[in-house]
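K.L.:
Starting from the known structure of chain A, fit chains B, C and D onto it as the hints suggest.
Respectively, the protein sequence lines represent chains A, B, C and D.
Counting in our numbering, the first sequence tops out at residue 818, every number present.
Counting in our numbering, the second sequence tops out at residue 818, every number present.
Counting in our numbering, the third sequence tops out at residue 818, every number present.
Counting in our numbering, the fourth sequence tops out at residue 818, every number present.
Hints are computed from structural coordinates only; laboratory data are not their basis.
Careful: at least some of the hints might be erroneous.
[As the list claims (entries may be wrong)] Derived DSS-like pairs: lysine-lysine, alpha-carbon spacing no greater than 25 Å straight-line: (1) C:Lys660 with A:Lys659; (2) D:Lys660 with B:Lys659; (3) D:Lys659 with B:Lys659; (4) D:Lys660 with B:Lys660.
Treat the numbers as computed from the prediction; the structure is a model and nothing was measured.
Single-letter residue listing:
Protein chains: 4
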Amino acid sequence: MTNRVQIVGATGYGGLGILELLLAHPEFEVTGLIAREGAGSRIDEIYPHLVGRTDLVVEHAEAAAIGADCDVVAFATPDRVSQGHARALADAGRRFIDYSGDFRFRDAADYARYAERHPGIAETSHGAEELLGRAAYGVSELAREAIAAAPIVGNPGCFAVGIILGLAPVFHDGLVEGGVVTVDGLTGSSGAGKKPSPLQHLSHLNDNVIPYRVLNHQHVVESEFTLGRLGSAEGAVVDFVPHLLGTTRGILSTMHLRLTRTVERASLLARYREFYEGSRFVRVLETPPTLKNVLGSNYCDVSLFPSADGRRLVVMSSIDNLMKGQSGSAMQNLNLMFGLAETVGLDRTPLYP
Amino acid sequence: MTNRVQIVGATGYGGLGILELLLAHPEFEVTGLIAREGAGSRIDEIYPHLVGRTDLVVEHAEAAAIGADCDVVAFATPDRVSQGHARALADAGRRFIDYSGDFRFRDAADYARYAERHPGIAETSHGAEELLGRAAYGVSELAREAIAAAPIVGNPGCFAVGIILGLAPVFHDGLVEGGVVTVDGLTGSSGAGKKPSPLQHLSHLNDNVIPYRVLNHQHVVESEFTLGRLGSAEGAVVDFVPHLLGTTRGILSTMHLRLTRTVERASLLARYREFYEGSRFVRVLETPPTLKNVLGSNYCDVSLFPSADGRRLVVMSSIDNLMKGQSGSAMQNLNLMFGLAETVGLDRTPLYP
Amino acid sequence: MTNRVQIVGATGYGGLGILELLLAHPEFEVTGLIAREGAGSRIDEIYPHLVGRTDLVVEHAEAAAIGADCDVVAFATPDRVSQGHARALADAGRRFIDYSGDFRFRDAADYARYAERHPGIAETSHGAEELLGRAAYGVSELAREAIAAAPIVGNPGCFAVGIILGLAPVFHDGLVEGGVVTVDGLTGSSGAGKKPSPLQHLSHLNDNVIPYRVLNHQHVVESEFTLGRLGSAEGAVVDFVPHLLGTTRGILSTMHLRLTRTVERASLLARYREFYEGSRFVRVLETPPTLKNVLGSNYCDVSLFPSADGRRLVVMSSIDNLMKGQSGSAMQNLNLMFGLAETVGLDRTPLYP
Amino acid sequence: MTNRVQIVGATGYGGLGILELLLAHPEFEVTGLIAREGAGSRIDEIYPHLVGRTDLVVEHAEAAAIGADCDVVAFATPDRVSQGHARALADAGRRFIDYSGDFRFRDAADYARYAERHPGIAETSHGAEELLGRAAYGVSELAREAIAAAPIVGNPGCFAVGIILGLAPVFHDGLVEGGVVTVDGLTGSSGAGKKPSPLQHLSHLNDNVIPYRVLNHQHVVESEFTLGRLGSAEGAVVDFVPHLLGTTRGILSTMHLRLTRTVERASLLARYREFYEGSRFVRVLETPPTLKNVLGSNYCDVSLFPSADGRRLVVMSSIDNLMKGQSGSAMQNLNLMFGLAETVGLDRTPLYP
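The shape of chain A in the complex, shown without the other chains (with noise of 0.2 Å):
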């Protein structure tokens, strides 16, 4: 039986994203686009790409009723969008996957914490706090059974899947000292989206490398909730520094800690693959992860090198910020939710070279 998806800001990169790995998938059916801009057009106007793919067109959201005509609805759009919606889906008992914020905080102090951090929502409260509780965070590595039953799932943001991810074993077993981590993340600068800016500008940010929000990015906020609940963890400190790259696509996050205690690399490979035993998509290599090598696909690499005397270390995690970073998160979400095998059209091999 296929499952019938509504996409709701369809005409941004995140809405397309899911658009391709739905119109790929045999299990999922898209019975709907529906974005503020771009309405009337035919998607494959808006992306000549798509030309030859799908003939969906883009309808206004006031023009279709969000939730109407499908199993679930994925929100690719900012904060404060899906939250307006979620109590008429919940009543509704229609399930949603949402990009943003809005959903990836178990309680309101937790989403103030957030909230705080985002330049674009700062001082304002959630608009439907009691659904809080009803969704599962959607790194799916590390919540399977809870995004599986869960009518709501939050999407994780995309430097937050590679901090997580690359952080976890270590976290769990509590290894890290003090529970405090550095991160520099290079990010291509699709993550920012489609809209034009002058930091996004060609000119400006090709061959450049910009650092920004140093200390104060607003994904530190889910990364340091998940992994200072984790196992042994008890709390995460991360020093976050995130720098724009002059490239489309890609994340790689270094990260830094001091061990509780001394390591051999060895072993740390052994817990690490033993900790991600049946997750496919995080591959734990011996050498460094890369950008290229993740490039299209939904994998996240993740290495590891201890300092000489065992007592500190260094984690590096690369990934698709469109795809393990967004999108490729929740196609695999969907899956989960709709009991599919989570790699079902995410077999994708890495575009290289």
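P.N.:
Okay, now just chains B, C and D, sitting in the frame of chain A:
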């Protein structure tokens, strides 16, 4: 029934490309990876983006009987390799497809014109010229029946694919004055393969444009023969200037010609669409093609712009040089050779953004 | 004696370019930076790479009398700005140079042909057409005396510089059959200025090639007038296809033509060298020009390749679009206007690698 | 009086860089270009961007007496070249500056620590260790007097320049807890020189990020020695992860440390500005540094961000690796060695955009 393929030259970009397509194909199986370099290694050690996707091991050419244990051999090798094995394969009744210029020409005279333009093989004669007549030239859209029946397919040169598909309808209809076209071709660096060289060094090529082999590229020869013998065409002269770009993938060809009679844009577009009816990989567009709109896919996008007086015409085409320009065409030809729909295993959305 | 320059449109890439050249020039001084955006800010707040190099402050256009407190005004502004100030400046005896198409044409008829090709100013008439005859068109190498004497200089369009310098000798000598040339131009993104747009978005343009305004770019008009009136030329038709590249700087133009008579390469090269004797910024090379070989400099590199039969010719030229294609030419013209050697302040080695 | 320089290793990027700076310098003259490859060619044949700027010819090492006909030798050579000539030059009273690690260390013990980290020279001993004590380590801002007086200057490693200038004030003031810093360094490809390699191949590196030599890069050694011996510092441990980017030029270093006491941002910025007073090439900024803001210039941009609780600190610095990271520092040191202002010949605006 699964068709069994042996890949020779498996560790170059061409071998990698057909390997990836075959691994994901429901009707083909790879039975051997043969290469001079990397023998003894798993292919995912050489290309770590393949970790988790295959455990195939590269074998040395001497250690493996070329053509053994397979239904077809794919030679992803330079000029003059497959011609050395051609007689033995023909005698054994083993079909093969070849990526080089070895079997792109119908007879020794045509091949000689090619050889004199090719810096690597100048002044050599063909090693198996009696087999040239049994080979089909593999621009799939123009020769489906010949390819399906042929024991040997000469996979086309990357530039030639874009030029030929872009100009076939106007040559076929006798619309090109004097048969003369001027073509500026822009190519990503991967067309030159994985071998390091000063020209391919990132510090040299990044942000650069480097014209090379001006009016002297060997792909012109197969383009001239193919276009000049279509329908009402009476020969072709292609003045071609290739330009190397600081990108990895993609070829965009801009082609200029004088029309033998005034033609309106709408009727030309209609004619192109008619010509390519049933050719799902050729997309005739109203807007100019771009590299990114075909990236990672097997599409060839084509667009047309006559001059205001309707006497001169600009045709543009774009392909991914490693897909439609190489392994994608090879996969399409293998499908045809084994009686499958030409699109099987090639139904991929371009990677955008 | 220092010459005093006021820059109007100081915060765009054009204003920035001439500011940087003037700051380093021994004979010029900048007395005012005027712009609509950024007024009140120091220019090094808008462009932090200038920290430590100048403390000039941007003034609002209304707050500053255009043409006051200076010997010359440099309008680094879009079309139709300088023509609004031209009469007042002429009346005050103040010279100016303009970056737009406003003063590139000798009379209203020529300007009208340009205006109808330009999307921003179509169907408008010139605001000071009686002054067109007093302006010199600023391809410095072709009009040194006129520029030195003119009260107004129309700085040339970026594509036009590369096309005109590449083709001037063959048009001058009547070698171009029918006066027809086809030109494929490749440009970095900075030619479109600093304003964000979907086309300039890094995620869209990076690794891409995007043809645009096919056979319909406004720079063709000044190229056709200039080339078609040189020496023995009898008009010019330039079929021009601009292509946007995912690089920041540089224009490479590949130009094709049929020769009126057979010419050998050596004699053409000799003729080009003779034609450009004394023109230090035009380098006639044996090998194809590249973008990087002129990056950051005022050079125009030119190279020539006849077909084997000597009847057709490929000419290629490369420039830095923000230098020889814009502010470098402006600086060269300002030098000429003030009786200085044209190379002063422009003696820069290209930035390679 | 003009100072006369002989360049050894003249055809690599390092030799090219110092050649270009010297050609434009009012007080220096290049008397010899010596190299193993390219001997007999004009340097503008090897680097065509130099056409019109010099007619110097490269000589073979054997053909030229190293140190003859000059006041100073610039060795732009790999490790273990200059140490083979050092005694002869010292005996002849000829000063030299060296780009490799040969003379960056004060004694044999320090050099041994470096050598064991360097893959190219591991387990070798120094060829002229008695001269190590006479060499000055050339981070110009920290050792002007020593450099001015020294017969030998060891030009610093590219990463080391950015790390040392970024952290010198906090190490000097004893503010770094345990002397431990973690550094993620991002570098363009030109740091590896012009020699082709798989890692530098555009198809591999373009759009990529490739961490390498994790916690094991040889530039750490000189950084640790230099920082750990400044003012109140009591040693330094630099956990360093270099990352190769798909850009040509630039190094951005992001450095994390714990402070020995709480410090406010304003006072730290003030302290940095005081520390670098009179150092025109170090710009202490409020906003994060970027690669493009220093491109082609000798600047080192530095910025500081303490954590909210004031106990941890992020310092970022950016340089052009071929200028301040190599030839720019060399030129600055040559100026100091010959009693000139350190900025002569280096007064360049970064190339932006």
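K.L.:
What hints, given by number in increasing order, does this structure fail?
P.N.:
Those not satisfied: there are none.
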